[in-house]
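J.: Residue numbers (the working numbering), protein chains in the order written: chain A, 1 to 296; chain B, 1 to 131; chain C, 1 to 134.
Treat the hints as calculated values from the structure; they're not laboratory data.
Lysine-lysine pairs mimicking DSSO-like chemistry, simulated, CA-CA at most 30 Å apart:
{"#": "1", "chain 1": "A", "residue 1": "Lys275", "chain 2": "A", "residue 2": "Lys260"}
{"#": "2", "chain 1": "C", "residue 1": "Lys12", "chain 2": "C", "residue 2": "Lys110"}
{"#": "3", "chain 1": "C", "residue 1": "Lys23", "chain 2": "B", "residue 2": "Lys24"}
{"#": "4", "chain 1": "C", "residue 1": "Lys93", "chain 2": "A", "residue 2": "Lys220"}
{"#": "5", "chain 1": "C", "residue 1": "Lys23", "chain 2": "A", "residue 2": "Lys220"}
{"#": "6", "chain 1": "C", "residue 1": "Lys57", "chain 2": "B", "residue 2": "Lys24"}
{"#": "7", "chain 1": "C", "residue 1": "Lys110", "chain 2": "B", "residue 2": "Lys24"}
{"#": "8", "chain 1": "C", "residue 1": "Lys124", "chain 2": "B", "residue 2": "Lys24"}
Here are some, though not all, of the chain B residues that point toward chain C, as calculated from beta-carbon distances under 7 Å:
{"#": "9", "residue": "Asp20"}
{"#": "10", "residue": "His22"}
{"#": "11", "residue": "Asp23"}
{"#": "12", "residue": "Lys24"}
{"#": "13", "residue": "Ile54"}
{"#": "14", "residue": "Ser57"}
{"#": "15", "residue": "Ala85"}
{"#": "16", "residue": "Ile88"}
{"#": "17", "residue": "Thr89"}
{"#": "18", "residue": "Leu93"}
{"#": "19", "residue": "Gly94"}
Ideal placement from N, C-alpha and C gives every residue a C-beta, glycine not left out.
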Amino acid sequence: MNELTEIISKNESQIMAEWIRSMEKSVQRTDLISKTELEEQCRSILTAVVTGVRVSGPTEIGGAGWNSARDLLREISTSRARQGFSPGEVATFVLSLKQPIFSAIRRELSSSQDKLFDTVWTATEMLDRLALITSDAFMAAREELISRQQQELLELSTPVVKLWDGILALPIIGTLDSARAQVVMESLLQTVVATNSKFAIIDITGVPTVDTLVAQHLLKTITAARLMGAECIISGVRPQIAQTIVHLGINLEDVVTKAKLSDAFALALQRSGRKVVREASAPLSPISGLFTKREE
Amino acid sequence: MERIPVLRMGSLLLITIQVDMHDKLALQLQDDVTQRISDWGSTGVLIDISSLEIVDSFIGRMLANIAAMSRVLGADTVVVGMQPAVAITLVELGMSLPGVRTALSVEAGMELLFGTGAPAQSGWSDEHPQT
Amino acid sequence: MNILRREVMPLKNSSDVVMARQKVRQWSTELRFSLVDQTKLVTAASELARNALDHGKGGQMTIESLVNGVRSGIRLVFEDQGPGIPDIEQALKDGFTSGTGMGLGLGGSKRLVNEFGIESEVGKGTRVTIARWR
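Model the full assembly from the supplied sequences, consistent with the hints where possible.
T.: Put into structure tokens, the structure is as follows:
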């Protein structure tokens, strides 16, 4: 498609100017990137596009001529992801190149309708593909950032708290995926052994959703604890979670569940042969004899 | 021939497995336990596996067998000290050790077997006749 | 993917099974697998080694230490020239929970590892390959 190549080369500076101007009109994010830097980026991209079109043509985006364009777009997209641009803003950056290029095409090919249409079509395909490269790079950068943050969160150890002699509590906050569930399970079981605790209360108040996968993880933890000689109680079951569990047909027959952590604690105390008793405050009262102090 | 020692504490049999058992050793242990229960009239069997780093299906079945056989002979069995990694692996493997009661420690195991009292000395009645 | 080290161990009797277990334990410790991952791999190895011995009438285990980019792993291959497994799918389903005690431990072992492959021909033998990555 020699036409497109020529049109872009011939009109490079005008396309460049219109492109930058169009971005000034839309959201420019001067908070994240300076005008000079933006212009610099536009310039280098346009130059790379011209090279690409000249060397490999507008349709062979994978070709060698497009190498620098692809690398450049990925680089810019990755840094924008890190800077905090939205995916839309990044895509718009590339797609807004369409208007100036189409204007150039119209100026040059106004006499030939067919050629005009074909060239516009080629141009749009080319820019769409470039926009996709940009979006993919953006997504990849975001995912890498998220996975790094997830790793850090995992390492902030899930705390296992000792509520009483032989009674542990494990409050889980956030989504429970496979990786986290493994860490949580190991941590809980190790603490069970280290503290010789027969009861472990797993509180899921902070778990947003329970699906079959999460339920499986919990059940595995409970089974493992039982194999070792400890009992687990699940607490913090919210009404929606209870509904989800029933709808999904998850079998919790063997599992003791309580809505509140305090109920679970009371149960654990009871099962370990303990009782909390209020002490008499007025020892001279004739009824005081009825209150006995039990040893914990 | 090497054997896993079976110790006697009153009516309790105490077994501590500390070696990586090969199959013959495991089968020998099964035999020994049943024999001893029969010889000494034991009513409780406590198997300490806190040193066992691997419990595969064979060892798991051995433990379940010991529990089942002992029950037939009138004794209860408790397995204590299972390591977390072992428990996690058993769950993944799908082994549930049916009929095997477990406890976290030897003390907890003894409590399960005998309540809070110590294992009764066999040949020594709990109630002494008042003379 | 590169194979850094490799060793072949016979599985002719029950002490060989213990040695094989210990070899897997040793290598996975050296590769710094977590304790739980080590336990899973050694347990799977124990199951499959025992299978090769009991059902396969004896065989061998090949242990390889692998590296793939930044990841390191261990691969084990259990081979025997025994009777083979007629219905692999069924064997993978059978577990100890089926109660007969004849569970081949195959299905369970599969869950303990990252990679699992099995080939078997009746009358010729069986070969099970497992791998665990750090």
